[in-house]
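Participant: Whole structure, please, built from the sequences with the hints as guidance.
In order, the protein sequence lines correspond to chains A and B.
Just add 12 to the spot in the first sequence (first one is 1) and you have this note's numbering.
Just add 12 to the spot in the second sequence (first one is 1) and you have this note's numbering.
Hints were generated in silico from the structure; no laboratory data involved.
Quantities reported herein were computed from a predicted structural model and do not represent experimental measurements.
Treat the hints with care, as some may be off.
[What the hints assert, rightly or not] Straight-line C-alpha distance at most 20 angstroms; calculated SDA-like pairs for lysine to any residue:
1) B/LYS136 / B/THR57
2) A/LYS307 / A/ASP344
3) A/LYS33 / A/LEU14
4) B/LYS216 / A/PRO296
5) B/LYS136 / A/GLN203
6) B/LYS216 / A/LEU342
7) B/LYS88 / A/TYR266
8) B/LYS88 / A/GLU245
9) A/LYS307 / B/HIS97
10) B/LYS216 / A/LEU317
11) B/LYS88 / A/PHE244
12) A/LYS136 / A/PHE45
13) B/LYS201 / B/PRO172
14) B/LYS216 / B/ALA81
15) B/LYS136 / A/GLY286
16) A/LYS136 / A/LEU163
17) B/LYS88 / A/GLY286
18) B/LYS88 / A/GLU287
19) B/LYS201 / B/LEU213
20) B/LYS201 / B/LEU46
21) B/LYS136 / B/CYS36
22) A/LYS33 / A/LEU21
23) A/LYS307 / B/LEU98
24) B/LYS88 / A/SER246
25) B/LYS88 / A/ALA250
26) B/LYS88 / A/PRO290
27) B/LYS136 / A/SER193
28) B/LYS88 / A/ASP248
29) B/LYS216 / A/THR315
30) B/LYS136 / A/PHE244
31) B/LYS216 / A/ALA295
32) A/LYS307 / A/ARG334
33) B/LYS136 / A/PRO242
34) A/LYS136 / A/CYS186
35) B/LYS216 / B/GLY192
36) B/LYS216 / B/ALA187
37) B/LYS216 / A/ALA294
What follows is the residue order along each chain.
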Amino acid sequence: MLLEVQGSLRLYGGFARLREKLAASLNEMGLGFSLGVARTARAALWRSRGEGERLEALPVEVTGLDVEFLSSIGVTTVGALLALPRAGLAQRCGAQAIEALDRALGVAPEPREFFAPPARFNAKLELPAEVTHAEGLYFGARRLLVQLDGLLAARHEGVHAFRLVLLHESGSTCVEVNLASATRDAERLGQVLRERLSRTVLMQPVQAIVLEAGEFASLAGSSAGMFGDPAFESEDWARLMERLRARLGHAAVYALAAQADHRPEHAWRRIEPGEWDPREAAAPGPRPVWLLEAKRIGEQGFTLLAGPERIESGWWDGDDARRDYFVARLPDASIAWVYREDGEWYVHGLFA
Amino acid sequence: MAAPLEDILRQHPVWRGGAPAAFCPVLSTTYPDLDRALPGGGWPTGVLTELLCNHEGIGELTLALPALAALTWAGKRVVWLAPPHLPDAPALAAAGVDLAQLAIVRTVARRDALWAAEQVLRAKSCHAFIAWFPRIAYEELRRLAVAAEGSQAWVAFFRPRQAAAESSPAALRVALEPDGDALAVHIAKRRGAPAAAPLRLRIKRPFHALGRTALPRPADAVARADRRMGLPVHA
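Facilitator: Now the structure itself:
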């Protein structure tokens, strides 16, 4: 991997600091590395292969030229190679050898394409030992999340969802993680994954893990605000919802919306928290805050207070309702919403 | 020359036994009688409030809904944790709650409910948190009370009436009982001077909204068929 660092030296406060930072993040990703620095890309590449030696002292193997021939004429270092007459070298090893040396010295230009990060992420990590507890996977997964973070940073994008595949001796388990808003923050991804793993039960020990992510979304630029800032609050809210969902399950967290239907059990629906439903459905009579599963009650179990309100609807979808609703007082003094259908009485709600 | 007593009281933080102490930002309950009885004049924020009642349907939410409605229309977010029944969207909308600001969290295990409560209290974006805890231990309440201190939310827990006998870290404990068409509100604990007699709050009940009394119970199906003509039909 080649990095152009000249332009970033001031940002990182000098080369020594940049090198430290680079080494730290490479270690965090669990990658082995050897660093080489030089004025040209080719020289830097050669130096990193030669473990950071001076250019002249590097063995000829780093150049990728015809090593067998060169050593047969007693040339073992790049320095000795440079000392050879150019014309003779060009004749013996071809023009590309001269070109390579010129590029290393910076005499000839070497145009290179900039790296374009891929639009998908897929990385595998072999675990040092078999893991039997889902929580134990978190530490391995964190390494992969840091890599994902790096890729997303390069693309200025974030993810809405990612997937951790746990590979067993035979077969695999897939852990899907959904986020409320796109992010590339490894810390936040890790938090949600941890909650998700805490409710995952492993049937078999895990030997390796694979982190997959696709469908990156562009991140809207935003700066963290102080308390009371609406942007901060909605971000905080989205994170709260996703944390709750990661542990309790997707369906456990929801918001409510009214729906135009006279049957009370069809007059509401679940929507995503924060979603706005502009439809309003005004009920013609009082509606109880607590809706119960309709439960049959005996005729003596209540006193009617007000009513009736007739609801007759739903003949078209097979869930036909022909009910007379009343407000009634139950023996424990609570106020209930009861209805009568086909001569039977049912309690359907409580006015809390 | 001796300074007038009022000046001394103004300059020094002297707590006077007669008045309920104001100790934190409050949220008006919209019930003037109740506001007067609560320290600071409303539901306290950043501390625990316990609402003690034995069964649902006595108007217990009528006490909380006006304050919640005002919050949601100010764009503040509200969480309900582990409600005992399904909350009905049209009823909440009719009570003035902006449904876009309300999230419902349902839990099965008690441990999950406690965990979720702590997560909500740690978040800065929730301004009112209502939770139903049929069983909760003192240590658990204590932990949530500490979490509530860091939030600016109004935190109300519904607990059974019997819990009034146990000690609690809640700053405000209100016991609710049905009293005819009204609600008897007894402030069992508040910061400052203890409250005197229970309040009898006139709350909005459904039979008031309907504005008519029930017809006598139909004796049999024939009677029902006879009356069918006069009924409003929504179809």
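Participant: Let me make sure I understand: some of the numbered hints might not hold for this structure. Which ones are they, in numerical order?
Facilitator: none
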